[in-house]
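Asks: The two chains are supplied separately, each in an independent frame; assemble them into the complex guided by the hints.
The residues making up each chain are set out below.
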Amino acid sequence: MNELSQSFVVAVDLISTLDPDLVEIVSLSLQISLLAVTLAALIALPLGAAVAIYRFPGRSAVVVVLNAMMGLPPVVVGLLVYLLLSRAGPLGEYGLLFTPTAMVIAQCVLVTPIIAALTRQTVEDLYEEYREQLASLGVPPWRAIFTLLRDGRYSLLTAVLAGFGRASAEVGAVIIVGGNINHLTRVMTTTIALETSKGNLALALGLGLVLLSIVILINGLSVLAQTIAARVEG
Amino acid sequence: MLDPKVSNGQPARTAREPDILPLEVDGLGYAIRGQWFLKDVGFTLEAGRRTCIVGPNGAGKSLLLRLCHGLLQPSAGTIHWATGSSRWQRRQQAMVFQNPVHLRRSARANVEFALSVQGLDRRAIRERTAWVLEATGLDHLAGRPARVLSGGEQQRLALARAWALRPRVLFLDEPVVHLDPAATRMVEELILKIDDSGTRIVMVSHDLGQVRRLADEVVFLHDGRLIEHSPVTQFLGDSRTAQARAFVKGELLG
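One line per chain: the protein sequences are A and B, in this order. For the first sequence, the residue numbers in numbering that gives the first Met the number 0 are 0 to 233. For the second sequence, the residue numbers in numbering that gives the first Met the number 0 are 0 to 253.
Bound conformation, chain B alone (with noise of 0.2 Å):
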């Protein structure tokens, strides 16, 4: 288990405040005109572990992780956040797409806009952006249109407007899938960076060696279905499903 942790003068979430951990997801499932993208996953997401949900292509990783995050509703089951209003748990969230969307304005109007919608005043809007760009190495780019920075610094970008918002969870789909090792290293350096400021991670992978270098435990999901939620070690060295086997050993799932 993480302590919270003072990170670069900001302070790490406190344990006074109400933490929306664990979350519980309990008989979830997913359609689209009676097909089944996503059919009966139930799991729970402790406090203070990096999860990696991993599983071959379709098998509904981004679903899921989106289902999680409320932007799809479930056909089926519940996801359960332990406290707060629906309202106040989104707040607690964050998420970072496969593809970073970001506004034709620079990057710091980037960060800042994401602030101004949670209704920060602007003084704590500057701070806090001043401080998210300097912890993430972007502040030289403030300036620059976010549009026209390299996929790299767009993805880091993205990193840190999700960790301005200073969300308890964070939610990655696949963040370093188009990226050169020489940046998703970076990316990777700072995904552990936000965890070590007191962020749960929750993310999507399909990269084995990410999973190795990221991951406390592992999500594997198969066709729709959670196959095994199992510490790192376990999923990678002796995983009890032969499905996790197959897949961890590169073997390709029928």
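With the rest of the complex left out, here is chain A (with noise of 0.2 Å):
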């Protein structure tokens, strides 16, 4: 208990003080969630909401594939980009292993499908409403894509940040391709993994309340979005 106390204490001091390493590990975090859940939500977005449009045959076993997908065991997408982008892999040639890039690829593979199933939902959903007006329109399928994505922007908003919430906060996928390199591919998550085991607890407590702190920032925006939302749009 007294040890805990301790560490807490030397956490806080930590945070406050803004110690370099702890800022390095923060800011690779965050620039390396930042872009793989950019890159999935410009792939999820469109992919999300052409399932929910779009009639063909084999439609609902592609949903059930996406929402069966936002469950992903992280260390298997790990062990699948591994694979990818090992020496012997099909990208093998591009060196990318045990680099951030390759934590990139894995977050970005992890949060696609959770992104495009939230959105298929919520554009499902907006496109009932708004399907016979669109069709008097003469709105072909591909710009209804568009239209929906922005009608529903503040939902799909939401969307995108429960995508960066698990990939700020996973564990398995970079730890296997980024390798958890010091002062290369050390993040958050693995680095409060590698800090615990060590015993080294302040340092794991500090980063671990720093990650509390963005998710629950998360919700709060995806709250506030949803509120600004409600008031100016209607």
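You can take every hint at face value.
Examples of chain B residues lying across from chain A (beta carbon under 8 Å, computed):
#: 1; residue: His68
#: 2; residue: Leu70
#: 3; residue: Arg89
#: 4; residue: Arg90
#: 5; residue: Ala93
#: 6; residue: Met94
#: 7; residue: Phe96
#: 8; residue: Val100
#: 9; residue: Leu102
#: 10; residue: Arg103
#: 11; residue: Ala113
#: 12; residue: Val116
#: 13; residue: Pro144
Because the hints were derived from the structure by calculation, they are not lab data. Predicted model only: the values in this text are computed from it and were never measured. No residue lacks a Cβ here, since even glycine has one placed at the ideal position from N, Cα and C.
Replies: Dropping the structure here:
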């Protein structure tokens, strides 16, 4: 108990003095996750909306797979990306394994189905309301995708933020493809895992607090976005 | 018959354009899993009249409108417009729904969106939007988000959006059913104005007062069948069929 409270004091101290190691790790984490989520959103938003709008054979199977992939085990994603990027793998020649790029790829793979599945649900609900009006105006499906993405932007922001929460809190995939190399691929979650096992609880706890704050901040932002949307847009 | 007139500086449609009217509906039926909601409906809509489709709830009025507008595919029969490709025919029609759906953007942007779908250039879009917002008395609301407008304003915006497309035929599905008397009057006046510009009005209504005010002719449906297609004076005064007479008298139809 005493050790815990001591670690807590040191942890707060590390945060308040902006400890260089801590700042470096937090900033790398944010960069990787932001890039991964941006890429994932660029793929997942149109993809999810397309599945919501187009009717094609095997559509319900696609929806089931998409929903199931929301729960992809991060270590399995890590393993697959590892196999892709390792020297002997199909993308081995680019030498991406154990770089931040590999971590971006892994998080992107992990988060794309989450954003796509949530987008599919949101856009499908919206399309239910808009379908006849859009058909009457003669809006072609490809254009309806962008119209609906735009009109659902506040709900979709929540989907993207959920993806960001998942990306930044995930450890299994990035530790496999990143290797947790000091000053290179060490992010918040992998550092917490490592430092905890080393017994350096202060840094682990400090990073844990930062991570928690980020998650809370994301949820706060998403509530705020919905509130503003309801008031301004009707 | 109404002559095409010039309204608010916008030229009405001219006679030299090919006309999609008359609309010939023949043997029209619509069924879901073997149950017929509309059966063997046939009539012809000529140019230059306002038509109200009337009948009790569940008669198939909205369904008929959607089939004519091409939102649904008939299970039987044909819907035949006089001229043009099906794509062009679609461009000649617009529809206003019972609950208007507006995009989450300004009133003006909603009209502009509808026009941009038709492929108009930016200048034409701007001009026509400005014209229609003025003609419908909505210009002071142009910058407001469409979804925060009142029910009556939203319905007028839906009419403005439809009118901006300069359709030959405008389908309306009970456009005033959720509105108070003042808003209803404004919407009805607007409908007459649109009619005046040369757009053929085809409207679903179950309000006989409104039918009296707006219709030239009535298509009376009951239980998915066409009972009567007659001039409004005849329908309201001395209809041919017992069902229509009962409906006009306000009796419940079995």
